[in-house]
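Q: I would like the entire structure built from these sequences, with the hints used as guidance.
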Amino acid sequence: MTHLESELKKIKDNTLEMMHIVRTQLSKGKEALMTSNKELALEVMHNEKRVNGYELLIDNSCENVIACFSPVAIDLRFVLATLKINYHLERIGDNADGIARNVIDIKEQWNAELLEKLELVKSFEIADEMIGYVLNSYENEDTNLARKVFEKDKFIDHITDNALSTISEYIKSNQQNVNQDLYLLLLHRKLERVGDLVKNIAEEIIFFVEAKVLKHKKGLEG
Amino acid sequence: MAKLSANKVNLFYGDNHALKDVTLKMDANTVTAFIGPSGCGKSTFLRLFNRMNDLIPHVRIEGDIVVDGEDIYSKEVSVDLLRKNIGMVFQKPNPFPKSIFENVAYGMRVNGIRDKHYINERVETSLKQASLWTEVKDKLKKSAFELSGGQQQRLCIARALAIEPSVVLMDEPTSALDPLATHKIEELVFNLKADYTIVIVTHNMQQAARVSDKTAFFYLGELIEYDDTNNIFTKPREITTQNYITGRFG
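Just so you know, the protein sequences line up as chains B and C, in that order.
Position 95 of the first sequence, counted from 1, bears residue number 95 in the numbering used here, the numbering being contiguous throughout.
Position in the second sequence (first residue = 1) + 222 = the numbering used here.
These are calculated hints, taken from the structure and not from any lab test.
Treat the hints with caution; some may be incorrect.
[Claimed, not checked] Straight-line C-alpha distance at most 35 Å; calculated DSBU-like pairs for lysine-lysine: (1) C:457 <-> B:152; (2) C:457 <-> B:10; (3) C:457 <-> B:218; (4) C:361 <-> C:320; (5) C:363 <-> C:314; (6) B:212 <-> C:242; (7) C:457 <-> B:9; (8) C:457 <-> B:215; (9) B:217 <-> B:9; (10) C:320 <-> C:363; (11) C:338 <-> C:320; (12) B:215 <-> B:122; (13) B:154 <-> B:215; (14) B:212 <-> C:361; (15) C:457 <-> B:12; (16) C:406 <-> C:363; (17) C:306 <-> C:415; (18) C:230 <-> C:457; (19) C:363 <-> B:212; (20) B:215 <-> B:49; (21) C:457 <-> B:84; (22) C:247 <-> B:215; (23) B:117 <-> B:12; (24) C:320 <-> B:212; (25) C:247 <-> B:217; (26) C:457 <-> B:212; (27) B:148 <-> C:457; (28) C:457 <-> B:217; (29) B:212 <-> C:415; (30) C:320 <-> B:154.
[To be verified] Pair ranges (Cβ atoms, derived): (31) B:2 <-> C:229: 31 to 39 Å; (32) B:139 <-> C:400: 38 to 46 Å; (33) C:453 <-> B:116: 51 to 59 Å.
[As the list claims (entries may be wrong)] Here chain B is said to cover these stretches of chain C; the calculated rule only asks that three of the stretch's residues, wherever they fall, bring their Cβ under 8 Å from a Cβ of chain B: (34) 268-279; (35) 458-469.
Note that beta-carbon positions come from the ideal geometry of N, C-alpha and C, so glycine has one too.
A: Have a look at this one:
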């Protein structure tokens with residue numbers, strides 16, 4: 001392995017580690033939400049610092065590789081893509097942190113019936129599955145896995161759209177707990193955002209592996 | 223019409239098949255970089271364009287080498303006139319044991335030019351084009367050997383430009399120079415592009431990426447890939463190109 005290859009491997013290993021942490025953050029955020037576990041929510045908020053630490057570390061490593069090795073072709077695309085993936089991962093971490101903060105903010109028990117109707121858990125599961133795809137895709141340079149993310153993202157968008165109309169109808173007939181209803185809407189929005197960010201990561205992986213730019217090109221994901 | 227072109231060129235050094243079916247077109251006022259590992263044929267290919275391989279024993283050349291629409295290996299072509307049109311700069315600076323002025327004036331004198339005023343003007347213009355004028359204008363009568371390596375190389379470029387070629391071939395022109403002198407030559411190449419067609423052989427990947435519009439990658443005598451430099455260094459089509467430019471072999 002050349003010196004450059006070993007530096008790139010370090011960046012890849014750190015990015016994979018950051019993906020695992022962010023995935024865990026989101027999964028713990030979901031658990032804290034569903035079980036109203038404030039301690040777990042605090043743990044997620046605390047671990048947000050680790051995510052930020054990885055962001056700085058990966059940024060710095062990419063900067064060093066560009067400055068010292070002048071990478072080209074697939075190596076350059078890897079570094080450029082990883083810089084952006086790093087940014088998107090940090091934003092996913094922010095959303096997990098936001099979910100945990102919502103758990104702390106809400107004082108009363110969740111309305112289980114409404115929660116079920118909104119398919120919030122489903123959104124969490126899809127987001128987790130999407131992160132799993134990009135994680136394996138990035139690790140194995142398998143763009144087929146990255147492409148699976150695009151359909152899944154549409155699913156989350158669909159659930160979020162439905163949640164918006166469901167909540168708006170619900171509030172009309174039931175105004176006892178508007179505060180909680182609005183939080184549920186915020187949570188859906190956060191998961192929709194996570195879906196978008198994972199989709200961005202998938203696009204970056206395809207850029208890195210195949211040298212194809214999919215950004216702002218609807219319908220070309222296949 | 224391409225300024226320089228090669229069509230199905232094969233070159234043999236005795237039994238050694240050094241260039242294999244190379245076809246390539248280069249436009250006027252562009253910089254083209256030839257890259258590839260040692261022995262890949264890039265310098266041999268470069269030297270075909272001013273017939274520098276002619277005197278090497280047992281060389282056999284097949285195919286067409288065309289400059290400005292004319293086959294330069296046809297019997298009617300004068301090699302002297304060809305070389306007046308196609309200047310060359312080599313790896314190591316090779317000034318003549320003469321003054322700075324006479325080095326630049328040499329080509330004109332050899333070509334029978336006697337007009338002192340014209341020669342003075344061309345020497346000044348060429349030294350300015352080679353970004354050397356301000357450094358040497360007060361010591362034109364001094365020996366060229368008093369100049370630094372980087373200055374000597376720019377002097378050789380000025381010498382090549384003085385006879386007003388339209389093409390300048392450069393064979394690893396900065397491999398013997400320090401980074402600052404290299405930077406000056408690279409800036410020079412960039413500025414000369416407006417008036418000349420430049421072909422440069424280099425082992426320095428970053429130099430190829432910085433100075434050229436097009437890059438040709440040679441491997442084992444074959445032209446593997448030829449494309450815009452931006453494409454070669456961001457998304458090469460061929461895996462061999464990628465492996466070479468990323469340092470995975472060669």
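Q: Mind listing which of the numbered hints don't hold for this structure, in increasing order?
A: 14, 19, 23, 24, 30 and 34
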